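Trainee: Sequence:
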Amino acid sequence: MSKTQRIKGVLAPVVTPFDQDLNPDAKRFIAHCKWLISQGSGLAAFGTNSEANSLSVNERIALLDALLAAGVDPQRMMPGTGCCA
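Numbering (our numbering), first residue to last: 4 to 88.
Hints are computed from structural coordinates only; laboratory data are not their basis.
Given the structure is predicted, the values throughout are model-derived calculations rather than measurements.
Some clues are possibly wrong.
No more than 25 Å apart at the CA atoms, straight line, and that leaves these computed lysine to any residue pairs for SDA-like [to be verified]: (1) Lys30 <-> Lys6; (2) Lys30 <-> Arg9; (3) Lys6 <-> Glu54; (4) Lys11 <-> Asp22; (5) Lys37 <-> Val18; (6) Lys37 <-> Gly74; (7) Lys30 <-> Gln8; (8) Lys11 <-> Ala69; (9) Lys11 <-> Gly85; (10) Lys30 <-> Glu54; (11) Lys37 <-> Gly12; (12) Lys30 <-> Ser41.
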């Protein structure tokens with residue numbers, strides 16, 4: 004069993020870019036997240052700007068998987084999981 008670690012530091016709200024067809028743009032999303040991390044911030048993806056409610060579950064999972072595949076440390080992320088009732 005792994006030890007649970009607390010999230011530390013500042014978590015920046017991450018704006019999700021979209022392409023011309025209004026699909027999430029994973030390439031630009033990854034680049035933006037890596038830039039935020041390079042500036043010392045953690046990632047509050049799909050959270051404080053209500054994007055969790057604007058993206059489907061599959062879109063959110065695909066973007067998070069893309070971040071992990073790009074080598075982003077999951078310890079630096081706190082994804083929003085909200086939904087509308």
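Trainee: Confirm or reject each hint.
Mentor: Evaluated hints:
Proposed proximity of Lys30 and Lys6 is contradicted: the alpha carbons are some 32 Å apart, above 25 Å. The hinted pair formed by Lys30 and Arg9 fails the criterion: a straight-line CA distance of about 28 Å is larger than 25 Å. Taking the CA atoms of Lys6 and Glu54, the gap is about 30 Å. The hint is violated against a cut of 25 Å. Restraint check: the Cα-Cα separation between Lys11 and Asp22 comes to about 32 Å, which exceeds 25 Å; the hinted pair is violated.
Restraint check: the Cα-Cα separation between Lys37 and Val18 comes to about 13 Å, which is no more than 25 Å; the hinted pair holds. Between Lys37 and Gly74 the CA atoms are separated by roughly 9 Å; this keeps the pair inside 25 Å, and the hint holds. A C-alpha spacing of about 28 Å is found between Lys30 and Gln8, which places the hinted pair above 25 Å, so the restraint is violated. Simply put, Lys11 and Ala69 have alpha-carbon atoms about 23 Å apart, close enough for the 25 Å limit, and the pair holds.
Taking the CA atoms of Lys11 and Gly85, the gap is near 21 Å; set against the 25 Å cutoff, the hint holds. Restraint check for Lys30 and Glu54: satisfied, since their Cα atoms lie roughly 18 Å apart, inside the 25 Å limit. Our distance criterion of 25 Å between C-alpha atoms is met by Lys37 and Gly12, whose separation comes to about 16 Å. A C-alpha spacing of about 17 Å is found between Lys30 and Ser41, which places the hinted pair at or below 25 Å, so the restraint holds.
In this structure, the earlier hints numbered 1, 2, 3, 4, 7 are contradicted, and the remaining ones agree with it.
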